[in-house]
Amino acid sequence: MRITRIYWLFSAMSLVFTGAFTSTAYAEGWQPKKPVEFVIMAGKGGGADKMARLMQTIIEKHQLSSKPFIPVNKPGGSGAESLIYLKQKKGNDHVIMVTLNSFYTTPLRQPDLDVDISTFTPIGRMAEDTFLLWVHADTPIKSVDDFVKAVKAKGGDWIMAGTGKGQEDELLTNFLNIAYDLNMKYVPYKGGGRVAKELAGKHADSTVNNPSEQLGFYEAGNTRPLAAFTPQRLDLFKDAPTFKELGKNFVYFMQRSVVGAPGMSKEAEAYYRDVFARVYASEEWQQYMKKKSLQGGFLTGDKLKTYWAGEKANHKIMLKDIGEIK
Amino acid sequence: MDILALLADGFWVALQPQNLLLVVLGVTVGLFIGAMPGLGSVNGVAILLPMTFLVPPTGAIIFLGAIYYGAMYGGAISSIMLGIPGASTAVATTFDGRPMALQGNADRALVTAAIASFIGGTISVLLFTFFAPPLANVALAFSSPEEFSLMLLAFATFIGLGGDDIPKTLFSICIGLVMSSVGLDLISGQPRMIFFGLPGFFHGIHFLVLAIGIYGIGEILWTVESSKGGMKLSQATLTLRRIIQGIKTTKETFKATVMGSFLGYFVGILPAAGATPGSLMAYGVAKSLSKNPETFGKGNPNGVAAPEAANNAASTGSMLPMLTLGIPGSPTTAILLGGMVIWGLEPGPMLFVEHKSFVWGLIASLYVANLFALLINVAFIPAFVWVLKLPFTILAPIIFILCIVGGYAPTQDMHDVWLMLIFGVVAYLMRKLDYPMAPAVLAIVLGPLAETSLRQSLLISDGSFSVFFDRPIACVFMIIAIALFALPVLNLIKKRLMHKTHG
Amino acid sequence: MRTADLVMAIAMAFLSIALMWKSAELPIGWIPEEGPGGGAFPFWLSTGMLVCSIWIILRWIRRTSPPSRSSEPYMDKGSLVLFLIGAGALTAMVGSIHIIGVYGAIPLFLIFYMRVIGNHSWLMTTCLAVITPVVTFFFFEIALKITLPKGLTEPLFYPLYDMFL
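Chain order of the listed sequences is A, B and C.
Residue numbers for the first sequence follow this note's numbering, beginning at 12 and rising by one.
Residue numbers for the second sequence follow this note's numbering, beginning at 70 and rising by one.
Residue numbers for the third sequence follow this note's numbering, beginning at 3 and rising by one.
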């Protein structure tokens with residue numbers, strides 16, 4: 012009977028630290044019956060992961076849901092794993108997912124997956140992350156013109172570091188290569204933080220990082236933004252013109268939206284829409300968006316579906332351009 | 070000394086009664102999470118992150134730091150007692166910790182591990198305090214070529230770890246490396262080795278799946294068979310005298326501990342490396358420096374002390390690239406990084422300037438957590454040793470259950486549980502034929518880093534290997550690694566020649 | 003033991019060939035200016051596995067390794083039975099998780115193992131079979147928030163979630 016003692020210790024401990032989570036009443040109508048699986052399409056520590064965990068924290072802090080949202084990272088195969096997982100959870104009301112642009116590119120690049128993103132339940136677009144072109148602050152490069160000259164001088168040895176092959180960073184690199192007739196070499200690394208560090212350590216010549224990834228080095232005076240892939244200049248980097256101003260009509264965003272499994276019930280869809288609308292409106296989220304220079308309003312329902320369809324069509328063209336798909 | 074004053078402030082905060090309570094609670098919780106096979110500091114930190122909105126940020130950091138250290142200590146417990154490394158950082162601890170436990174010296178192994186961890190933590194905090202900013206520059210100078218040469222060095226320090234059967238050892242390394250390549254090929258962005266189109270292979274083969282399969286399921290099957298179902302898992306006795314004896318014997322392991330601490334810290338500050346290669350290299354170096362290397366792997370306390378000191382020192386070290394470069398060296402620091410974002414702190418070179426109190430508060434609380442982890446750990450040793458005395462027919466099914474639940478936890482996919490079961494059974498069958506298993510486990514940990522960094526380097530250099538010799542840090546590592554690889558071969562040739570002349 | 007060594011080596015040789023074939027889905031050669039292709043790393047290492055397997059077989063023929071000399075049986079009848087019971091019970095348990103969930107499989111496994119192999123008293127067995135899943139539930143699901151698979155027993159847990167979460 013002595014075994015029981017150590018078990019009691021365990022259970023008593025679990026009780027102690029569950030005490031902190033006890034919570035009370037929420038919105039009317041449909042309620043989750045069990046913890047909600049909050050699938051993250053990327054690995055731990057990346058931009059999507061940080062955002063998902065921030066959302067989870069906001070949900071817990073403001074007690075927006077009666078059951079906890081439990082983050083599960085399924086980064087395999089550039090998100091293929093999580094897309095298949097959601098597809099298999101058809102009709103499940105307790106599985107939702109945070110997506111990024113691999114939501115469009117992965118099904119396009121891997122048609123065998125047989126994933127149709129238009130069947131997924133739209134819950135809410137939480138933000139659009141922006142991209143800028145960065146170089147090291149020690150270089151004399153101050154503008155896109157300088158940049159083009161420097162790259163041309165170095166020929167094929169100019170190194171552009173980015174995250175993943177056939178994904179956002181390579182699409183942008185390819186845009187620059189075509190638009191300015193360059194021949195940069197693209198080297199993929201794992202994660203935007205690592206990419207930012209490669210530039211700060213002068214192992215790469217340029218990057219197309221999100222502001223949140225370069226902010227630390229930018230503030231320390233290590234790196235310099237040259238131009239933004241946005242419609243308007245960003246408040247944080249007033250000196251960096253947009254590519255639109257420079258005569259290249261090119262705008263590119265990274266979507267951060269939450270989707271539900273295909274065939275989710277209307278009631279559950281409404282519930283999650285409400286939860287994430289509140290997350291979006293929360294002070295913490297708004298502050299985070301401002302600090303990280305995030306754009307985009309809250310989008311849901313058919314509008315979100317239309318947005319996805321448009322983005323998917325854009326990505327199809329871009330992927331064809333770099334020869335990733337036929 | 071500005072730094073000292075800041076550190077003192079940090080300590081003062083960490084020692085507030087309320088914060089001390091958080092430390093004790095955090096360390097205890099961390100200890101239990103870490104002692105479970107399959108769960109590690111990453112689970113503890115991830116789950117408690119949202120909770121940190123309920124307590125003030127300083128309290129939150131202290132709590133998370135306490136869980137982090139508690140889990141690091143806990144990892145050693147499962148390595149020593151069950152022979153299952155709960156995290157990749159604790160693999161090296163099993164090599165000698167497990168044999169010690171089987172010889173009835175579980176308590177000594179646990180005490181050695183705890184004290185080595187404490188010394189490792191202390192040395193690393195001192196190093197961090199006085200050399201953080203210059204070392205941050207070293208981390209910045211580290212890129213793919215350096216990373217690859219470091220991985221090669223880690224492999225090199227491990228030569229001779231396997232059994233005496235050379236083809237079987239090589240086979241084990243190769244199969245581990247092949248398994249590490251399952252999943253996504255980062256360079257071409259394409260999925261590869263997706264067997265039978267199963268989606269579970271997209272995320273690759275997790276280190277824990279292989280480790281729990283081999284050391285958990287395989288080991289218990291082995292024990293069931295060799296003991297005919299009757300024996301106790303390991304004999305262990307515990308008296309106060311034995312603990313004091315254990316503390317006294319730390320003199321023997323002191324050199325290995327200090328060496329492990331320095332090595333672990335320096336490897337830990339290198340981005341992307343983290344604590345795992347650090348602890349493995351510390352073990353390898355301790356073995357090669359030892360006067361009687363043949364006792365390693367058979368229960369030499371130095372083989373417990375060196376890697377344990379190293380992984381604790383490395384976990385402090387890995388805070389450096391996280392804080393200054395925003396690069397997480399391990400999944401745990403990745404989550405901590407997410408926490409910093411939630412608290413509104415921006416990692417980067419400016420953090421040391423703009424948020425001094427946060428940085429030093431974190432360091433001080435890590436240190437306080439380190440001290441309490443030692444005390445609480447030693448206090449729990451009797452309980453752990455007592456568990457080992459349970460009849461094997463009760464322990465075995467419980468360990469099986471822990472393995473299965475623990476194999477499920479990291480990815481939450483039943484696919485991995487099946488894979489783990491298959492690995493366990495196959496590993497058991499192969500072990501009976503003298504196939505060493507440790508090389509495969511090491512290979513699956515270091516493989517992905519080695520392959521990616523090699524290919525990134527070659528991409529940068531247009532496919533030329535000169536990139537590893539043009540860069541000073543990489544070049545030094547490469548030369549040492551090649552020398553280490555060449556040494557046993559030269560010895561072998563020498564032996565053969567001697568044989569011939571004599572024969 | 004001698005036969006088992008050969009069988010294992012041959013099985014592993016076939017596994018290596020299968021892995022080589024599988025990794026050849028991506029380019030295995032050297033891409034100019036880029037280095038090795040995506041399939042090169044697994045392909046050449048699988049080749050390494052094959053070479054090692056052949057080496058092991060050669061050593062078996064020349065009887066230079068201990069297992070290839072040993073005349074002891076690989077597994078005697080007693081250990082074979084124990085191995086089959088252990089591995090079989092585990093397989094059955096993992097399989098049953100899909101249907102009756104972790105909380106159904108754990109007690110069944112414990113009851114089987116402790117009664118059939120351990121010969122423990124019913125009291126002891128029942129206690130453990132009840133306490134283990136309860137502790138697992140509180141430790142994993144409530145404290146650590148890791149949802150374990152429940153299979154058909156899922157709805158039984160809704161009231162528990164309402165109470166503790």
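One or more of the hints may lead you astray.
[Stated by the list, open to error] Subject to a maximum C-alpha distance of 30 Å in a straight line, what follows is the list of computed DSS-like cross-link-like pairs (lysine-lysine):
1) A:LYS201 / C:LYS24
2) B:LYS425 / A:LYS302
3) B:LYS324 / A:LYS249
4) A:LYS331 / C:LYS24
5) C:LYS147 / A:LYS98
6) A:LYS101 / C:LYS147
7) A:LYS277 / C:LYS24
8) A:LYS78 / C:LYS152
9) C:LYS79 / A:LYS100
10) A:LYS72 / C:LYS24
11) C:LYS147 / B:LYS501
12) C:LYS152 / B:LYS501
13) C:LYS24 / A:LYS337
14) C:LYS24 / A:LYS44
15) B:LYS425 / A:LYS301
16) A:LYS327 / C:LYS147
17) B:LYS425 / A:LYS213
[Unchecked claim] Over 10 Å on every C-beta distance to chain A, these chain B residues come out as not near it, computed from the model:
18) VAL82
19) LEU255
20) PHE271
21) GLN314
22) LEU528
23) ILE529
Just so you know, the hints here were simulated from the structure itself, not pulled from any lab data.
For glycine and all other residues, C-beta sits at the position ideal for the given N, C-alpha and C.
Going through the hints against the structure:
1. Proposed proximity of LYS201 of chain A and LYS24 of chain C is supported: the alpha carbons are some 25 Å apart, at most 30 Å.
2. In summary, the hint linking LYS425 of chain B to LYS302 of chain A is supported, as the alpha carbons are separated by about 20 Å, within the 30 Å threshold.
3. With a C-alpha separation of about 56 Å, the suggested pairing of LYS324 of chain B with LYS249 of chain A is violated against the 30 Å cut-off.
4. Note on LYS331 of chain A and LYS24 of chain C: the hinted pairing holds, with a Cα-Cα distance of about 27 Å set against a maximum of 30 Å.
5. Restraint check for LYS147 of chain C and LYS98 of chain A: the C-alpha separation of about 24 Å stays at or below 30 Å, so the hint holds.
6. For the given pair, LYS101 of chain A sits about 23 Å from LYS147 of chain C by alpha-carbon distance, which is consistent with the 30 Å threshold.
7. Between LYS277 of chain A and LYS24 of chain C the alpha-carbon distance is near 44 Å, which puts this suggested pair outside the 30 Å criterion.
8. A distance of roughly 17 Å separates the Cα atoms of LYS78 of chain A and LYS152 of chain C; the hinted pair therefore holds under the 30 Å criterion.
9. Distance check on the hinted pair: LYS79 of chain C and LYS100 of chain A sit about 46 Å apart at the alpha-carbon level, beyond 30 Å; violated.
10. Proximity of LYS72 of chain A to LYS24 of chain C is assessed by CA-CA distance (about 48 Å); at most 30 Å being required, the pair is judged violated.
11. A threshold of 30 Å between alpha carbons decides the hint, and for LYS147 of chain C with LYS501 of chain B the separation of about 39 Å lies outside it, so the pair is violated.
12. With a C-alpha separation of about 36 Å, the suggested pairing of LYS152 of chain C with LYS501 of chain B is violated against the 30 Å cut-off.
13. For the hint linking LYS24 of chain C to LYS337 of chain A, the alpha-carbon distance of about 24 Å falls within 30 Å, and the restraint holds.
14. Our distance criterion of 30 Å between C-alpha atoms is broken by LYS24 of chain C and LYS44 of chain A, whose separation comes to about 43 Å.
15. Proposed proximity of LYS425 of chain B and LYS301 of chain A is supported: the alpha carbons are some 24 Å apart, at most 30 Å.
16. Among the hinted pairs, LYS327 of chain A with LYS147 of chain C is inconsistent with the structure: their alpha-carbon atoms are about 39 Å apart, more than 30 Å.
17. Straight-line distance between C-alpha atoms of LYS425 of chain B and LYS213 of chain A comes to about 27 Å, which keeps the hinted pair within the 30 Å bound.
18. In this structure VAL82 of chain B is separated from chain A by more than 10 Å, as the shortest Cβ-Cβ distance comes to about 22 Å.
19. Distance to chain A contradicts LEU255 of chain B as a non-interface residue, since its nearest Cβ pair spans about 6 Å, not more than 10 Å.
20. A cut-off of 10 Å between C-beta atoms contradicts the statement that PHE271 of chain B is not in contact with chain A; the least separation is 3 Å.
21. Against chain A, the non-interface label of GLN314 of chain B holds: every CB pair exceeds 10 Å, the least being about 26 Å.
22. Distance check for LEU528 of chain B against chain A: the nearest CB is about 5 Å away, which does not clear 10 Å, and the non-interface claim fails.
23. For ILE529 of chain B, the requirement that its beta carbon stay farther than 10 Å from each beta carbon of chain A is not met, with the minimum near 6 Å.
Violation of the numbered hints given earlier is confined to hints 3, 7, 9, 10, 11, 12, 14, 16, 19, 20, 22 and 23; the remaining hints are satisfied by the structure.
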